[in-house]
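Enquirer: Reconstruct the complex from the two isolated chains, following the hints.
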Amino acid sequence: MKQLTVISGKGGTGKTTLTAAFASLAKNAIIADCDVDASDMHLILKPKVLEKEDYYGLEVARIDPELCIECGRCKEFCRYGAVSGNFKVDPYGCDGCAVCTVICPKGAVSMEKRISGQVFSSETRFGPMAHASLGIGEETSGKLVSAVRSNAKKLAEQYHKDLIIIDGPPGTGCSAISAITGADLVLVVSEPTVSGVHDLKRVLELTVHFVIPTVVCINKYDINEENTQLIENFCAKLGISVIGKLPYNDIVTKAMLQEKTLIEYVKSSKCLNESEFADQICQIWTRMEKILMNIQDKQKGTKTLEMKNF
Amino acid sequence: MKIAIASGKGGTGKTTVSLNLALSLSDVQLFDCDVEEPNCNLFLGFGLEKVEDVVCPVPVINQEKCSICRQCSDFCRYNALAALPDRILFFPSLCHGCGGCAVLCSEKAIRESERSLGVIEKAKGESSPEFYRGLLNIGETMTSAVIKTLKKYVDDRKTAILDAPPGTACPVIASIGDVDYCVLVTESTPFGFHDLRLAVDVVRSLKVPFGVVINRWGLGDSRVEEYCKAEGISILLKIPNNLKIAELYSRGIPFVQEMPEWNEKFRGMFEAIKLQLADTEEART
Ligand code: SF4
Ligand code: SF4
Ligand code: SF4
Ligand code: SF4
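These protein sequences, in sequence, are chains A and B.
Note that this note's numbering has the first sequence beginning at 1, numbered continuously upward.
Note that this note's numbering has the second sequence beginning at 311, numbered continuously upward.
Same shape as in the complex, but just chain B (with noise of 0.2 Å):
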């Protein structure tokens, strides 16, 4: 089973529903799918091997053959060739490898080579939990790419987790689009309120089962409860606004490991989470 951990907007606690949730449980996979800023090992402290470059296919071009006929660069829509006068310019950060303009050239004047986008790690030996994660390289764009491959690793006989990037836009799509269920994580605040809005646009669209996670929960007011409960989504867990927790964050220590009384309620949450995809079952068949 696959869960993914969501908001609308960074810095809402995804990670530490996701770190917490994956120490409380055994025989689970954690994804760290953040590629952007990948944020888990800080708190696990893992030691991590690499397991797979990803890397993303980028034309060479052949000067000698090019006629310059300009299809290439007229075909581009990622405007990464440009057609000179006596050349075809080639910007490789632009470049998305879709292979288009390979396929066009009729004077077979390009190859295909590769370009790094970032690479795919997995913690040494045997670890609990099994963890992975990708890493963007720095100024590279292709953040869907590293996602797509980091979630190769996901063992299907396995509960997985997967923590996802912030938002709600393409690499969000990459991390969630496939889930079983998705957590929610927002705070009862004016911004928390309004990304976890999208954020549920985003589920519902994806048709994904979901429930919510209420994080420093007694901060703010109580817009989001009154809001789960008029459009009946299940409140998962709240984590209360301690200072212990905050502190226990600040010095990268997920919080189940002081606090072993949360464990339980993890476990409680991901029974939560059973029984209501067992009940969406149900009531599909």
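Excised from the complex, chain A in its bound form (with noise of 0.2 Å):
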């Protein structure tokens, strides 16, 4: 089983579009969202819902007011600043590190679980999807992402699929690396703005630095041609391919408006320069597939990338 997972550092490149698109074209994908800090996968893949489970962060100290005595150790003690100046814990604040229940003189303080989300088991009209909800302000988006990808590969299991299709989080943090580590290959969507430029080279230096085959794909790539010639110069330097560029189209809007994927959108539109837009991104594809298959040829002798110099 492969796991392909899409990235994009910086939001708004189009990468769920793109992702949703790739998963009506895959034959036998998972799909697992796990851009799970407000997830939009689901408005256009409408999954139902076949399993639901709660999903517990980390827990959150609760002070006993019987049994406290204010002495103020726990608030002299707590590195978040989460016990306020009448003794209570903010939950948005606290970090679950329990230390405070060790603290405590009077054993007033205990922890308490928390659901911080759900994540659900799905069908959808491409096949299975695993995906989930995060409750606001929740600390632990990371750990929710390892959820997500678990619940995936326990489907993907269950219905003998061989690909499973991420669809990552922004960013470099905790989430972002939660949905790369272990991902056989990672694409990641780009745009040639100035932040879409910074922000490549971010991930691209996250995903070195974890050792993840990787590739780009220049989504608008036509609104700005200095900047997507700049990103095909520094992916070249450090050997990561450009398996595709995108022109600006407002066909991705009017998709989503339709709530159809591209793919299905462009079967209703007798535009040619509509279906152009999406035979592009069929050729995407197959690239990708190709690359993961040849990933697996290449299992027993894996070449590691050098982490390099940015």
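By construction, these hints were calculated from the structure, which means they are not laboratory data.
Using N, Cα and C, we set each Cβ at its ideal position, and we do this for glycine too.
Hints should not be assumed to be uniformly reliable.
Unchecked claim - Heads up, simulated DSS-like pairs for lysine-lysine below, C-alpha to C-alpha not over 25 Å straight-line:
{"#": "1", "chain 1": "A", "residue 1": "Lys154", "chain 2": "A", "residue 2": "Lys143"}
{"#": "2", "chain 1": "B", "residue 1": "Lys360", "chain 2": "A", "residue 2": "Lys201"}
{"#": "3", "chain 1": "A", "residue 1": "Lys88", "chain 2": "B", "residue 2": "Lys462"}
{"#": "4", "chain 1": "A", "residue 1": "Lys254", "chain 2": "B", "residue 2": "Lys548"}
{"#": "5", "chain 1": "B", "residue 1": "Lys418", "chain 2": "B", "residue 2": "Lys434"}
{"#": "6", "chain 1": "B", "residue 1": "Lys418", "chain 2": "B", "residue 2": "Lys517"}
{"#": "7", "chain 1": "B", "residue 1": "Lys468", "chain 2": "B", "residue 2": "Lys575"}
{"#": "8", "chain 1": "A", "residue 1": "Lys113", "chain 2": "A", "residue 2": "Lys143"}
{"#": "9", "chain 1": "B", "residue 1": "Lys517", "chain 2": "A", "residue 2": "Lys88"}
{"#": "10", "chain 1": "A", "residue 1": "Lys75", "chain 2": "A", "residue 2": "Lys52"}
{"#": "11", "chain 1": "B", "residue 1": "Lys418", "chain 2": "A", "residue 2": "Lys75"}
{"#": "12", "chain 1": "B", "residue 1": "Lys458", "chain 2": "A", "residue 2": "Lys143"}
{"#": "13", "chain 1": "B", "residue 1": "Lys418", "chain 2": "A", "residue 2": "Lys106"}
{"#": "14", "chain 1": "B", "residue 1": "Lys517", "chain 2": "B", "residue 2": "Lys360"}
{"#": "15", "chain 1": "A", "residue 1": "Lys2", "chain 2": "A", "residue 2": "Lys113"}
{"#": "16", "chain 1": "A", "residue 1": "Lys75", "chain 2": "B", "residue 2": "Lys458"}
{"#": "17", "chain 1": "A", "residue 1": "Lys75", "chain 2": "B", "residue 2": "Lys554"}
{"#": "18", "chain 1": "B", "residue 1": "Lys458", "chain 2": "A", "residue 2": "Lys88"}
{"#": "19", "chain 1": "B", "residue 1": "Lys554", "chain 2": "A", "residue 2": "Lys245"}
What the hints assert, rightly or not - Calculated from the model, a selection of chain B residues having no Cβ within reach of chain A, i.e. all distances over 12 Å:
{"#": "20", "residue": "Arg380"}
{"#": "21", "residue": "Gly502"}
{"#": "22", "residue": "Arg533"}
What the hints assert, rightly or not - What the simulated footprint calls covered on chain A by chain B, stretch by stretch (three residues with Cβ under 8 Å from a Cβ of chain B suffice, anywhere in the stretch; the number is not a length):
{"#": "23", "stretch": "26-33"}
{"#": "24", "stretch": "119-129"}
{"#": "25", "stretch": "171-182"}
{"#": "26", "stretch": "247-259"}
Expert: Structure representation (structure tokens):
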């Protein structure tokens, strides 16, 4: 079973739209929406939830006012400033470290479970899907990403699927790391804006750091051809291939408004320009499938990427 | 006054709004709280200098004193310590620096040292806006710690604009938890609308007054406007889906610099925020 993670560094590059299109092209895949903090994929794929499970994040401290003598030790030792002046714990501030429980001379603090979100196993018109929702302000999206991925693995085994397509989160922090570790291939969707170029460099640093084979796709390449060239040169220097360049096209919004993937939308469109656009996506997908297959072949003598200096 | 610029999702134009607002006002501070992908300075081009290293305390175990009682490894909630038969293993990247293990160790085998999480940087000399940003080290996960350190540089006598990270999780709360006002940036597409509603849930649960900016207005449909009307949410500004704006953005130029008529609009937005805050203040008393 192979795992492909699509990330973008920066939001709004069309990552989810592309991932949804890939989902409709893949023949035997599971979809995992790991963009758990504000996920959007379900708006297009409309999953029917088969199973739902509460997800428990880090625990939260609670002070029993009956037992507390207001000695202030918990407040002094809490490194996250989560204990307020009147000896209550702010659940948003609490990191669940449990130091207060061992510091308190009266045993007044206990750790309580908290439901930080839900993980779902669902069914879509393109096959099974694992996804989740994270409660507001919750701390553990990295852990939730791992929970979604293990759910996706279970689904893949259950339904004999050989590929997991992971829609990854933005950024380079906790949840992005959880979404790419152990992946066989990472696709970075980039755009040729100054911030797009900058964020691409940051995520490539990340994938190089974790030694994961990476390819790049440039979306809206024609909004700034100079920056597109910059991205291509930069990738060439790192030995990372740019496997596709897509022009700016309104079709992305149009398909979204109809809650369809690009591929589905084009089936009902007579516009030549639009079907060309979809055709390019198909080509990118074919290239990726090929790369994924080769990775499987190479499994024995794995080549490691060198850590490059940026 | 602290104003955060946030959105349920990245790529909606948070940074655009933060920058253009900050450039339209005088005597303001601008903070780039998106420490995983700080982008503001790509548009400002300031020379930056480091003002602080963000560090996290980490335990150092003296293997000679350690009796391998496993107290520390059983305690650590982040699995940063693992007990082997002959010693305790420490995984720095998992440690949150809570200090619990050092407190617990009865053999006094643990002392604390520091690990770098990132840096806080500031624009050199006098700049307008006065600019600060945080930068999280690659491979590091303690986003909120960097944001909290960054916010120490907020000067309460000035207007501070905080470009928040995307999403609704902990780094967002760390950024907007204690602000006076929050501007939510969105676009009127199904994704934008869905993410806006998540962001509204966040600011409502934090009880922060807020308003909406519609970016790429004209793209998509009218669902965001209808929603705001029904919910009584004020729309502060509409930024049209304009080729020139997109082109300036791709080149890293804040559009107020090339389209000066927008200075006035951003100042108007600032006045509208102040009015709204005065109204809520009045309603409270
Ligand atoms: S569990 Fe940790 S973070 Fe939470 S209140 Fe106690 S000491 Fe503070
Ligand atoms: S340490 Fe215990 S007794 Fe002291 S203030 Fe905290 S909860 Fe109360
Ligand atoms: S608590 Fe102290 S003595 Fe016990 S295992 Fe940890 S370091 Fe060693
Ligand atoms: S400081 Fe806290 S998080 Fe770090 S190893 Fe010790 S107990 Fe674990």
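Enquirer: Hey, does B/Arg533 actually stay past 12 Å from chain A on C-beta?
Expert: With a cut-off of 12 Å, B/Arg533 comes too close to chain A, as the shortest Cβ separation is near 9 Å.
Enquirer: If you draw a straight line from the CA of A/Lys75 to the CA of A/Lys52, is it 25 Å or shorter?
Expert: It is violated: about 37 Å lies between the C-alpha atoms, which goes past 25 Å.
Enquirer: So if I understand the rule, the pair passes when the alpha-carbon distance is 25 Å or less; does B/Lys418 with A/Lys106 pass?
Expert: This hinted pair holds, its Cα atoms lying about 23 Å apart.
Enquirer: Verify the proposed pairing of B/Lys458 with A/Lys143, using a straight-line Cα cut of 25 Å.
Expert: holds (22 Å)
Enquirer: For the pair we were handed, B/Lys554 and A/Lys245, check the Cα-Cα distance against 25 Å.
Expert: Answer holds: B/Lys554 to A/Lys245 is near 22 Å, not above 25 Å.
Enquirer: Against the 25 Å threshold, does the CA-CA distance of A/Lys154 and A/Lys143 hold or violate the hint?
Expert: holds (17 Å)
Enquirer: Holds or violated: is the Cβ of B/Arg380 farther than 12 Å from all Cβ atoms of chain A?
Expert: holds (15 Å)
Enquirer: Determine whether the non-interface label on B/Gly502 survives the test: each CB of chain A must be over 12 Å from its CB.
Expert: Violated, since 9 Å does not exceed 12 Å.
Enquirer: With a cut-off of 25 Å on the C-alpha distance, tell me whether A/Lys2 and A/Lys113 pass.
Expert: violated (34 Å)
Enquirer: Under the criterion that the straight-line Cα-Cα distance not exceed 25 Å, is the pair B/Lys517, B/Lys360 satisfied?
Expert: violated (34 Å)
Enquirer: Would the hint linking A/Lys75 and B/Lys554 be met if the CA-CA limit is 25 Å?
Expert: This hinted pair is violated, its Cα atoms lying about 53 Å apart.
Enquirer: Next pair to validate is A/Lys254 with B/Lys548; report whether the Cα-Cα distance is within 25 Å.
Expert: holds (21 Å)
Violated hints, listed in ascending order, are 5, 6, 10, 14, 15, 17, 21, 22, 23 and 24; each of the other numbered hints is respected by the structure.
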